[in-house]
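Peer 1: For the sequence shown, full-length UniProt numbering assigns the number 1 to the initial residue and increments by one for each residue that follows.
Simulated from the structure, these hints should not be mistaken for lab results.
Treat the hints with caution; some may be incorrect.
Quick list of the computed label-pair ranges, beta carbon to beta carbon [as the list claims (entries may be wrong)]:
hint	residue 1	residue 2	range
1	T58	G36	15 to 23 Å
2	D231	K134	42 to 50 Å
3	A111	G243	41 to 49 Å
4	K71	L138	50 to 58 Å
Dumping the calculated SDA-like pairs for lysine to any residue here, alpha-carbon to alpha-carbon at most 20 Å [as the list claims (entries may be wrong)]:
hint	residue 1	residue 2
5	K127	Q112
6	K28	T52
7	K117	E144
C-beta atoms are modelled at their ideal positions from N, C-alpha and C, and glycine is treated no differently.
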Amino acid sequence: KTWLSSFKSFNRYHSFTLKQAGWKLVGKELRINKIGSFKLFLSRPIEGEIKTVTLRKTLSNRWYVTFSCDKVASKPLPKTSKSIGIDVGCLSFLTASNGEKISNPRFFQRAQNILTKRQRAVSHRKKGSKRRTKAKILLAKAHEKIFNQRRDFHFKIARKLLQANDTIYIENMNHFKSFRALNRSMRDVAWFNFFNILLFKAEEAEKEVVKVPARNTSQMCSSCGRTVQKDLSCRVHSCPFCGLIIDRDTNAARNFLRLGQSLQGAEVLASAMN
1 KTWLSSFKSF
11 NRYHSFTLKQ
21 AGWKLVGKEL
31 RINKIGSFKL
41 FLSRPIEGEI
51 KTVTLRKTLS
61 NRWYVTFSCD
71 KVASKPLPKT
81 SKSIGIDVGC
91 LSFLTASNGE
101 KISNPRFFQR
111 AQNILTKRQR
121 AVSHRKKGSK
131 RRTKAKILLA
141 KAHEKIFNQR
151 RDFHFKIARK
161 LLQANDTIYI
171 ENMNHFKSFR
181 ALNRSMRDVA
191 WFNFFNILLF
201 KAEEAEKEVV
211 KVPARNTSQM
221 CSSCGRTVQK
231 DLSCRVHSCP
241 FCGLIIDRDT
251 NAARNFLRLG
261 QSLQGAEVLA
271 SAMN
């Protein structure tokens, strides 16, 4: 039985990848066979051996070229012999075990007025019109700016942590994958993206990032190890057993540091016994 083929939009493809053949890089110009030449604005020098070239068009009507490279030399950072535990949140983006807090920039929330205006402009334009297409591009540019701001922030924080520490203990957030929809604040801070960047940069810098189970790290006292029950609205950890009074997030970060070091010690002992 013959079936009618489904409609295939002209704009269904937004990227394509070239391997070893079909392209040539001459200075800052990319030449692609049967298509033409493109002037490149490189975000950084190309390192290693280029394996693939991917051209991608974003919803904001911009073209990007991604070079996938092999045999890239590592860039180790100086050793500091220091370790730190970090706890991420929505009020503060990050709290370290040494008490340092990094505020949440809230890029999406700060751009809410612009996004609302541009989304309203798209809704008011006639479907299929040039004005609607232009309004959609402006909306996409606003979202792209938020994405770039957040990504730049994540890279800078990751580098700051890796420059100061050899080992970083973070929360194992695999349990969050079971939630289909995270609230707007959680999506804005983008913890998963930050941890992926931190892991990637740590490997490049020859540093170590250790994932620690997060169970009871907010309720457990980082000084005596006893459990102190408190709800989310309570922002201060006050232990009735040992008298420790400390910020709730700092207490959790210290627990990540303590538990992570104990887990590493157990692994070293097990390998020695084997």
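Peer 1: Work down the list of hints and note, for each, if the structure agrees.
Peer 2: Outcome of the hint check:
1. In this structure the hint that T58 and G36 lie 15 to 23 Å apart at CB holds, the actual value being about 20 Å.
2. Here the CB-CB span from D231 to K134 is close to 49 Å, well matched to the stated 42 to 50 Å.
3. Evaluation of the 41 to 49 Å hint for A111 and G243 yields a pass: the beta carbon distance comes to about 45 Å.
4. Here the CB-CB span from K71 to L138 is close to 41 Å, at odds with the stated 50 to 58 Å.
5. Restraint check: the Cα-Cα separation between K127 and Q112 comes to about 24 Å, which exceeds 20 Å; the hinted pair is violated.
6. Distance check on the hinted pair: K28 and T52 sit about 17 Å apart at the alpha-carbon level, within 20 Å; holds.
7. Between the alpha carbons of K117 and E144 the distance comes to roughly 16 Å, so the proposed pair stays at or under 20 Å and holds.
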